[in-house]
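Visitor: Protein chains in written order, with my numbering: chain A, 146 to 381; chain B, 146 to 381; chain C, 146 to 381; chain D, 146 to 381; chain E, 146 to 381; chain F, 146 to 381.
Same chains, same names: a pair is fine if it fits in one copy or spans any two.
Pairs of lysine to aspartate or glutamate residues, derived as EDC-like cross-links and limited to a Cα-Cα distance of at most 20 Å, are as follows: (1) K237 to D178; (2) K185 to E274; (3) K352 to E274; (4) K237 to D306; (5) K153 to D331; (6) K377 to E336; (7) K168 to E203; (8) K352 to E227; (9) K153 to D335.
Think of the hints as simulated: they come from the structure by calculation, not from any bench.
If you're wondering where the values come from, they're calculated on a predicted model, not measured in any experiment.
Here's the letter readout for the chains.
Number of protein chains: 6
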Amino acid sequence: MNPATREKLMGVSVATLCSALFKRGLKNQTIQDVRPVRGKGRNMVGPAFTLRYMPAREDRNPMSIFRNADHPQRVAVETCPEGHVLVMDSRKDARAASAGDILITRLMVRGGAGVVTDGGFRDAMRIAELDIPAYHSRPSSPTNLTLHEAIDINVPIGCGDVAVFPGDIMVGDDDSVIVIPAEIADEIADEAVEMTAYEDFVVERVKQGETIIGLYPATREENLALFSEWRKANGR
Amino acid sequence: MNPATREKLMGVSVATLCSALFKRGLKNQTIQDVRPVRGKGRNMVGPAFTLRYMPAREDRNPMSIFRNADHPQRVAVETCPEGHVLVMDSRKDARAASAGDILITRLMVRGGAGVVTDGGFRDAMRIAELDIPAYHSRPSSPTNLTLHEAIDINVPIGCGDVAVFPGDIMVGDDDSVIVIPAEIADEIADEAVEMTAYEDFVVERVKQGETIIGLYPATREENLALFSEWRKANGR
Amino acid sequence: MNPATREKLMGVSVATLCSALFKRGLKNQTIQDVRPVRGKGRNMVGPAFTLRYMPAREDRNPMSIFRNADHPQRVAVETCPEGHVLVMDSRKDARAASAGDILITRLMVRGGAGVVTDGGFRDAMRIAELDIPAYHSRPSSPTNLTLHEAIDINVPIGCGDVAVFPGDIMVGDDDSVIVIPAEIADEIADEAVEMTAYEDFVVERVKQGETIIGLYPATREENLALFSEWRKANGR
Amino acid sequence: MNPATREKLMGVSVATLCSALFKRGLKNQTIQDVRPVRGKGRNMVGPAFTLRYMPAREDRNPMSIFRNADHPQRVAVETCPEGHVLVMDSRKDARAASAGDILITRLMVRGGAGVVTDGGFRDAMRIAELDIPAYHSRPSSPTNLTLHEAIDINVPIGCGDVAVFPGDIMVGDDDSVIVIPAEIADEIADEAVEMTAYEDFVVERVKQGETIIGLYPATREENLALFSEWRKANGR
Amino acid sequence: MNPATREKLMGVSVATLCSALFKRGLKNQTIQDVRPVRGKGRNMVGPAFTLRYMPAREDRNPMSIFRNADHPQRVAVETCPEGHVLVMDSRKDARAASAGDILITRLMVRGGAGVVTDGGFRDAMRIAELDIPAYHSRPSSPTNLTLHEAIDINVPIGCGDVAVFPGDIMVGDDDSVIVIPAEIADEIADEAVEMTAYEDFVVERVKQGETIIGLYPATREENLALFSEWRKANGR
Amino acid sequence: MNPATREKLMGVSVATLCSALFKRGLKNQTIQDVRPVRGKGRNMVGPAFTLRYMPAREDRNPMSIFRNADHPQRVAVETCPEGHVLVMDSRKDARAASAGDILITRLMVRGGAGVVTDGGFRDAMRIAELDIPAYHSRPSSPTNLTLHEAIDINVPIGCGDVAVFPGDIMVGDDDSVIVIPAEIADEIADEAVEMTAYEDFVVERVKQGETIIGLYPATREENLALFSEWRKANGR
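Just chain A, with the same shape it has in the complex (with noise of 0.2 Å):
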């Protein structure tokens, strides 16, 4: 992707993101019900590279699976590239792991940007721990076999309802994780920009005892003067 959009992306938040896209009626791109494992205080952002789990079935699901070199789970922690951001579609279904410390340590030193799952990983307790942003619904030990099928690499799928097309920017905050569509990341990014400098502007305001009526949105033009006082003083 874009060096400089992804150094955009890396300073605005979810929220700003969303809004960004509900403009362009885009109002389903925030996957719902995932959370860091723990909050990095730092944004992922990377392209998607996706993993497609279906239910399982008992007598394709032994242990001994993940002796196959070519079993899907353990290929796309071996093939998702670098800077790109793992994204499993669990069926919303946490009741067994998408996956756990060794592969999520692996897909780490392998460079992968971060790892996003609708279900729930396994060791996430170590998980956390790990220098790479990872997304959950909530800690899960049993093993993925248990319910999941890994099936397919780098196809469409859905991921919390919402659709993520492989190569999507997935950007994550502390609070959550939005898909962008790949062909407007770049316009998103500069106008999330734009918007979190006046966020920020707002804010300082706002901390100052302005009122939010004329501001937010800024309806009072000479808040749009002030606006531009302070990117020039600020450097924004």
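Assemble the complex: chain A is given as a structure, and chains B, C, D, E and F must be docked to it using the hints.
Guide: Frame of chain A, contents of chains B, C, D, E and F only:
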């Protein structure tokens, strides 16, 4: 599929098939929370032909998208082979429809053996009148574009928390729908016919006042002897 | 139970019983999310005989376990006293069955007054044909062994979020099922008969065009007088 | 409401109305998880008259509260204008009733066009027999006082996750209920009548063996010509 | 509100208040499934000022609607009286936000005592840093316009299945939030202070190895005598 | 329980135990949707001592019932053997508490090894400070009497959809809690220690840049050799 197997599966219940599969360690083959749009008083039997939906993104799913002759939902209905059951992965979300009466009429005319979704059908009141078995979660009037984008045809899917592979044998009765892995459909059909004979014998005995202890299952030898006679007498 | 009470309870609705219990501070007696397998057009009435299920553990619940003559599910069906209602605590989980048509046929033949589960029945399409009232959440084809282990007979249970003690009086109509604590069943029956008379009078008046204000409840004196006449005229 | 619009809306399905609203960007107008107490085989049409419930607090909701002639539930039933549909916001909670057969009988006698709740009705088995369309989630015998306090009449509400403003046009068929914003009801009715004509033509063609590709929607010119002839032939 | 009552309520737990209300027959006063955005280690106390959301309709809720100085969400934040708690009825739907950090900063600056929603807050990671108690279900980044339309200010509402009337006293601790009916807030505060003294005494005794039988509750006389001494010794 | 087994189980994760049980066909042993009130950074290990709750009926559950020295909740806390884990079946209903800080303090003082409910604890913020591991679904301030009646001590129960028999070995870490059938606890502990050694080796290798293919599981011979060396070097 094997015509003899089809014939056998027309005469057994989903409950009996559940038990036959349970004995082989397959405990999760009944599609959960799905029911007939209207009970037909006869079984639906046929190999699965699948359609996968993912969450819809607004810009990709205007009403005009249906003008595209390659739209996967339309193509699925037009290519589902005769005698097959069209099975849809709607991510258990019945807030928008999986299909409506026009498409299902077309499927019926083309010789489809039935249709199953883990979402809902629109025009369910009309689908109920058609001469094709249809199973869903509940009626749902909004067009599929509202929440669902048809994305893949005849890939492995989940339906009602059950794994469905193309070619698996679907059987539905007036209670529910079950998925029989293709490779064991013949033997399961054989076994279910045997079990059904015994169950019919049991019901007859129970109605005559017999206790179920020793009869169901047959732990008293004499019951096996009586069953043997009953089979001869009833041509089973 | 008192035959006169049984007779009275055959002629009143669950809704009326709810209101009589509400007046005594009992607000949570209707089994939630349970319905007739098929409406019988007549009430189910009888004391509760209970069966408690717990979650099934795979090694304890092979199909062969039913060969055990002491299996609590079988024993429950064979020992439920005549005129009683078999009430099952299935932990509101209808993903596997609580019982099937063979057992319920046996219960019917043995004189059971009805059967209730907060899970689901398999062979529901056949149970619907039997001459015994049966209530569940939805049809469920998998054998109970899949998820439920029968563990206790005739202990206090929960059913659909309601407390059921052995001997409590169960009443079901075509809408739902209610639990009347045994010790107040007689007085509740009396009161419900009185309330039903008044409600029938009210419906008649309302159909004639009367307002409900002052009539339901009877805050206008004249309505009580009219009701008194109506009772004489109608032998109520 | 416009009598011509009412007439038109009597002859179209909720599914068709959904599609007409979808085209205008209104994608969330069908009341979710609500169904007819009993299908009437004819539409319910009328402007919304609303009742808002809030959670009940025990001290404010003894049975005696109904003696108050100003109780909003009773007042709603007695003031709902002729030809209107009484729509109740029960916060999607069917664990206690929204109303029962006496009130709905009164509403019917007063000329109400129908009644809708996103909770449940008590005495549903009797409401089913009345000559007024009624829609709910499921039967619920406990009196509304158990969980619901009627608090506001004819204010904007939510019903089954849909916005309902007083005067919006409600249409129900045997599948579900939809809310048409008052200001576009006439044009939506017109469009739906046109769409219905085309859909009827399509169904006829499909039953004759025609493919849906090019026909539904009409991307092949010849189909529009055939439709034009069909309209003449059928007086549509 | 009574400053002495406020002071007392700052020093008791929601659990203790629950028990005091339970004794008066009020069993449903704790807002369900709501938690602090971040525990503050001190109570939130103040009268309720309410905001009611209804489902959003797309045409009424473009982003530009916020330019309206009368938008109820904005007005609520600007008119909530000092020392009050802003309580929002978001219909338990956290798929879109109830408010974000800018509005809650404004509320804080204006002297609001806290904010509660049964939905979710956007910018929750920033709200956590503010010096105002905030309670929600989970972080939710999408703007409220996506699903919620602010419609009414300071009317009776439901929040987390609990009735909230304007002026009711809200108390939150690091576990949850409770609603005390305004008219009994003083007496409940008094009682809770007494109960808290006894509970603190009990905890001390239990830590010393005392059994809870006879102590909690105090059915052994000697424990009341010991408590009396303890009060003197501890100035309680 | 076997002290050596206890020691071993202190050093393995719930995820590893899940996998060991999965290999024996036990796929449903992790208590679902339950988490530590506060992570302790060390395991909870001990045999299960159980308490069964049923739904509360108002007349049986006034606050005064706690004056009864035989109340099962109190008796459970006073009789749970030292080193055991008190496990509560709260029917997955966290709308009212399963217990509070006073009882859990008493359990701690008496030497309890931990406490688990599939409901919620009141005073969770204080329980978090205690030196005893506690697991629940979420904080819940209402007294248990509101919804739960303690009815049975040390019978087989369900907890979070898992079967728990008295004496089964409970193990909790900072992610979740698992139930090991008593009769296989020793062998599972042995196996889990072995698995943990290999997993620790794998994590070390992966952090050094090794691929997981052939390593996890060990399908490349050389990895087994390296592991053998690693064990010697690390005294494992």
